[in-house]
Amino acid sequence: MKCRMTLLLLVVFVLSVSAAQAVDISVRLTPDKENSGHPTMGDTLQFRSRITAPSDRPLEGVVAWISLVEIDPGQEQPVDLEDWSAHKAVFAAHLEPAEELDSTWSVRLIKAGDYRVAISVMARDQAPVFTSPTVKFHVFQKPVVESRRIFPVAIGVPLLLLGLLGYRWQASHRRNPI
Amino acid sequence: MNPIRLIAIKERQALLKDQRGLIWLLVFSIVLSTFSLLLISNTELSLLDNAQVVYLLIGTVTAAGAMISVILGSDAFAGERERGTLVPLLTAPITTAQLLVGKAVGLLTAWAVMYLLALPYLWAVGAGGQNLLQAILYLALFGTPVVLGFGALAMALSARTGSVLISLMTSMTLLLFSAGVPLFLDPSLRDSAIGKALDMINPFATALNTYDSVVVDSEAFSYQLLRLVLGVAWLCVTLIAARQAAHKPSFR
Chain A
1 MKCRMTLLLL VVFVLSVSAA QAVDISVRLT PDKENSGHPT MGDTLQFRSR
51 ITAPSDRPLE GVVAWISLVE IDPGQEQPVD LEDWSAHKAV FAAHLEPAEE
101 LDSTWSVRLI KAGDYRVAIS VMARDQAPVF TSPTVKFHVF QKPVVESRRI
151 FPVAIGVPLL LLGLLGYRWQ ASHRRNPI
Chain B
1001 MNPIRLIAIK ERQALLKDQR GLIWLLVFSI VLSTFSLLLI SNTELSLLDN
1051 AQVVYLLIGT VTAAGAMISV ILGSDAFAGE RERGTLVPLL TAPITTAQLL
1101 VGKAVGLLTA WAVMYLLALP YLWAVGAGGQ NLLQAILYLA LFGTPVVLGF
1151 GALAMALSAR TGSVLISLMT SMTLLLFSAG VPLFLDPSLR DSAIGKALDM
1201 INPFATALNT YDSVVVDSEA FSYQLLRLVL GVAWLCVTLI AARQAAHKPS
1251 FR
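As you go down the protein sequences, you meet chains A and B in turn.
According to the working numbering, the first sequence is numbered sequentially starting from 1.
According to the working numbering, the second sequence is numbered sequentially starting from 1001.
With the rest of the complex left out, here is chain B:
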């Protein structure tokens, strides 16, 4: 069997059949359930229209997806090393590039499962409102580079440092910073030249701005092209970093 496929299947099984993977999915669904129940129990939130709610939900799905992706990515090389399975893997007839692609496909599968889990929630809060289908489509189109990018970044750090803890802490800090800037920075500050530049290089802000533009403001795909390019560029940069790091993984 193709080694990439073999590793991807192993990663998929770790998520869907292993108890630890299922616990992550359970946590993911509890986050979405809490958010949905909050909407109907809070008077202020229940005044939001469907588009606004769908926008908030797909932002939450992207953030939670990126978090789980970071956790899985941090485990990719350093976890193998800590379990003592990295050396047998590297001595097997498989290149580091194949190993990386297999792990990346595993991440993609994990994201696909989370995406599928999010669909009933999106239907529950957004049915009958505007732009639900667009929200589902744009979550796939713009959420995927963000989620996989953070996973690849975690894989790069995981291979470079050889420590699950260090790669997890570093990637999680970067993710929190990336997600926190658009949430906590005042809109007037984000309108300044520096704020706009920060938004441009922040993959999470790029995805959130797209969701807002499409779901709330009903703007066309042509407005989103530059953002899509930025999202794909983020994914490419992190994948290249992961590939560079995977060539010489740390055994310390």
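In isolation and in its complexed conformation, chain A is listed as follows:
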């Protein structure tokens, strides 16, 4: 019994020490007010994040990055941001206690569908990753290349030149029948 009590106390001590060392970094994410109400492919959406350091201690080497996840049924997957965003991370060498770091994230909408975006933060001496609540948005389809415009041109122009070539060939054949 005595041994169990000692073990329990030890566990409680370890947990309390860990809790004292882990600090909560607050991350908020909101869509920009100027964002289109009907975002379509090719548009750019902006999201604003605010990272707040804990009130009791500074943070060193803070890195925040953006994550995007497609959530269409059957298509759930993280999105490779290569084409979507040139601004994928921010870095702050030092944040004073309670200091805030504001950032704006631009996301260019490449593909139609439902998405959730989030900002994750970690500091050099903190094991956990802190993540903002996700923001959901829908990208509407935009017909980027229209087949009804392309077909007549892609077929018509070579046919026109072919007709001209045939006409020239016939004309030269009439002039020089042999």
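Some hints here could point you the wrong way.
[Claimed, not checked] Not close to chain B: a few residues of chain A, all C-beta gaps over 12 Å, as computed: (1) 52; (2) 65; (3) 77; (4) 137.
[Unchecked claim] Far from chain B by the CB rule (all over 12 Å, computed), these chain A residues: (5) 37; (6) 48; (7) 56; (8) 74; (9) 85; (10) 92; (11) 93; (12) 97; (13) 124; (14) 130.
[What the hints assert, rightly or not] Some, not all, of what chain B presents toward chain A, calculated at C-beta under 7 Å: (15) 1019; (16) 1022; (17) 1025; (18) 1026; (19) 1029; (20) 1033; (21) 1036; (22) 1037; (23) 1049; (24) 1053; (25) 1120; (26) 1121; (27) 1124; (28) 1125.
In case anyone wonders, no lab produced these hints; they're calculated from the structure.
Every residue, glycine too, gets a C-beta built ideally from N, C-alpha and C.
Starting from the known structure of chain A, fit chain B onto it as the hints suggest.
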């Protein structure tokens, strides 16, 4: 009639009335048609936005234009020699400089025809998107020095070597290298000092970087001034080379 105009008209007729010239234009239009049809038949490509597609198309127009320009340029002196018409041309009351200018105007006409042929394709893929007009304008402004420059280079080699085959192979290799570097070299490699230097001296990369900057990134003309200077310098250097070579064309 002015001899320059006379030669330019002959060159224009070779392109627009001669069957061989019309076949080149037909090939050019088939290349553009294939590219356009690929866009609507390929799911990945159809996800590209209009600006990206227009950028790809004007790059293709420049490459195809430069190729045809190289073919016509290679024929300029060596073709005349092989057909036995170079000596009568040179003994006619016309200077080599006039002959060269006439041939260059012929190349310009050929490029103008290809440019006009490309306009319906650009409209078909780019209407409703961003920067279509800028794309059309910058294709004229930055594509012309590249296309004419390669044509002039081919003319220089054509006069120097007296062989259509050698000038064609050499200029085509240079064109493929020039067009291939920006396409196949990883962007991170092109970001290095050597990569940037290569881009600076590569006329094709200069034009492609301008198209990307203007059509996709909507950057202003002021950003493109240095590139325009480089493109014009490329044209001047190749024209000077063609003029030097045309003074003493090879009769071997």
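Evaluated hints:
{"no.": "1", "hint": "52", "result": "34 Å, holds"}
{"no.": "2", "hint": "65", "result": "20 Å, holds"}
{"no.": "3", "hint": "77", "result": "15 Å, holds"}
{"no.": "4", "hint": "137", "result": "18 Å, holds"}
{"no.": "5", "hint": "37", "result": "20 Å, holds"}
{"no.": "6", "hint": "48", "result": "23 Å, holds"}
{"no.": "7", "hint": "56", "result": "42 Å, holds"}
{"no.": "8", "hint": "74", "result": "16 Å, holds"}
{"no.": "9", "hint": "85", "result": "14 Å, holds"}
{"no.": "10", "hint": "92", "result": "25 Å, holds"}
{"no.": "11", "hint": "93", "result": "25 Å, holds"}
{"no.": "12", "hint": "97", "result": "39 Å, holds"}
{"no.": "13", "hint": "124", "result": "26 Å, holds"}
{"no.": "14", "hint": "130", "result": "31 Å, holds"}
{"no.": "15", "hint": "1019", "result": "6 Å, holds"}
{"no.": "16", "hint": "1022", "result": "5 Å, holds"}
{"no.": "17", "hint": "1025", "result": "6 Å, holds"}
{"no.": "18", "hint": "1026", "result": "5 Å, holds"}
{"no.": "19", "hint": "1029", "result": "5 Å, holds"}
{"no.": "20", "hint": "1033", "result": "4 Å, holds"}
{"no.": "21", "hint": "1036", "result": "5 Å, holds"}
{"no.": "22", "hint": "1037", "result": "5 Å, holds"}
{"no.": "23", "hint": "1049", "result": "4 Å, holds"}
{"no.": "24", "hint": "1053", "result": "6 Å, holds"}
{"no.": "25", "hint": "1120", "result": "5 Å, holds"}
{"no.": "26", "hint": "1121", "result": "6 Å, holds"}
{"no.": "27", "hint": "1124", "result": "4 Å, holds"}
{"no.": "28", "hint": "1125", "result": "5 Å, holds"}
Every hint, counting from the list given before, is met by this structure.
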